[in-house]
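J.: On the provided structure of chain A, position chain B as indicated by the hints.
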Amino acid sequence: MTLALVGYYEEWWIQVLKAIVIFAVSLQLVPVVLLAERKLLGRFQARYGPNRVGPYGALQPLADILKLLTKEQFRPRTSVGFLFALAPLISIVTAVAAFALIPFGNVQRIFGTPVGLYGIDVSIGPLYLFAFGAIAFYGIMLGGWSSGSKYSFLGAMRGAAQLISYEVSQGLALVGVIMTAQTLSLTGIVQAQKGMWFVVPQLFGFLIFLTASFAETNRAPFDLTEADAELVGGYNTEYGGGRFASYYFAEYLNVLVVSGIVTTVFLGGWLLPFGIHPPGWVDPFVVLAKMSLITFLFIWVRATLPRLRYDQLMSFGWKALLPLATLNALVTAVLVVVTH
Amino acid sequence: MSEATTPRPAPLPPSAPQLSSAPAGGVTVTAWCPSEDVVEVTRTPAPGPARSAWRTFRETARGLKTTFGRMLERPVTVEYPEQKTPVYPRFRGRHKLHKFEDTGLEKCVGCSLCAAACPADCIRVVAAENTPEHRVSAGERYAAVYEINLSRCIFCGYCEVACPFDAITMGHDYELSDYDRTDLIFTKEMLLAEPLERTPLRNEGE
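Note that the protein sequences, when read in sequence, are chains A and B.
Our numbering puts the last residue of the first sequence at 340; the count rises by one with no breaks.
Our numbering puts the last residue of the second sequence at 206; the count rises by one with no breaks.
Worth double-checking, as some hints may not be accurate.
Straight-line Cα separation of at most 27 Å, BS3-like style, residue types lysine-lysine; simulated pairs [claimed, not checked]:
hint : chain 1 : residue 1 : chain 2 : residue 2
1    : A       : Lys71     : A       : Lys39
2    : A       : Lys39     : B       : Lys65
3    : B       : Lys84     : A       : Lys39
No lab work stands behind these hints: they were computed from the structure.
These numbers were taken from a predicted model, which means no experiment stands behind them.
Next comes chain A alone, as it looks inside the complex (with noise of 0.2 Å):
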């Protein structure tokens, strides 16, 4: 068994150009997610999303992030200021360092110079993605307490439970892909994937990431943190403009890159079935073909399932799907070691 080659070094100006671009990718994604949502919603609901600002609703993005930018910086008395203004700031800055893991292609020559489509890549690869999700949590903790609100305290308190369950059974489904795979590299699991995606032997564990990703992200049906209904808007209550913006587009981010996983981890990231072999500037292309599928379906069950209580919410996620997830791992130990 040999691994696959992982930690590729390269030189620090390419580092750093890599951040400047993955950055640059992140901040254009993150509005075509918000028009394809709000378009998406609307066709779901038979009508058709906004369709004003620009061809075909084109701008509205736009529009309202410039709306969103110059509004007026407000903030409660009752807030805990330096954390109030730093909370945003964690939850984009956690969003764009788990983008920076997502491999969007193998090593490519470019100009000759060997660059890999990837921010980095780490030998930890899903440990990296999980410490900066729970430090997200942190974006959301610090937010909610430092508002001064009681809504957005009780949303925050939400998120912090939330987050924690669901971590839990979101890694122990990775761990099947894993052991399959043998290698904790992104890269490496995905060169893994050669002869059969991991949605196959993994099925399970996909389903089970699926399920807890819809929660690690804050979604519907497990919007919980901002359930309108009773917590008004719940850890952002108190956010206005730019901070509400940054909160904003930490959240898409977040799909993106959950949908990024899934692609990588399951979906076989930049590889296609049938032993097609592009050429390697296809590659991002598939990726992100194969994210906006998973994306699609994020908003798919936005617009179906309701909200769920809050107690279902904590018992689907200890009593079911950790359970779930603890099979899924054992088993797949048990054919791991009985196949080997």
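T.: Quick look at chain B alone, frame taken from chain A:
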């Protein structure tokens, strides 16, 4: 029950034996006995874990199928400013005052019956005498001032019913917003003017 209820602040006088013998502060609780017309809903036994998991999965898939079907259909939105909902012929929109087509005289004779019938009190009529030199209406008098305050009008159509000469009728125009309240007081000239037909009429049988 007895633990939950707090003891009375003053102890009961001994001259109330029927109260002190009753349980827990003298409150008698009658058991709920449903009458005969109460139908008890019978529920199926709670499904097992595998069954309920399958049911959840199946129902989720059914819901996803439903929403996907909606996405493939055309939206039902009427894009209002460009596309207007057609009105029925008897739709009660903005009022119109009428003239005789042959003589060009106003039909309104200034009788103020419409103002009397108006429940919102939004019509103001000031009548004046017709003279041979200055003949405005076909009758003895005419409306020198005829104003409808459309910000008060409730579009009930009683003015139309009250009018003995069919001088005032309800039109089809419903786009009556303005920037100033005073602009919504329609004068006689505005009501007599041939109105812009901005609203499409619904076809027969539509």
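J.: Run every hint past the structure and note whether it holds.
T.: Hints and how they fare:
{"no.": "1", "hint": "Lys71(A) <-> Lys39(A)", "result": "holds, 25 Å"}
{"no.": "2", "hint": "Lys39(A) <-> Lys65(B)", "result": "holds, 18 Å"}
{"no.": "3", "hint": "Lys84(B) <-> Lys39(A)", "result": "holds, 23 Å"}
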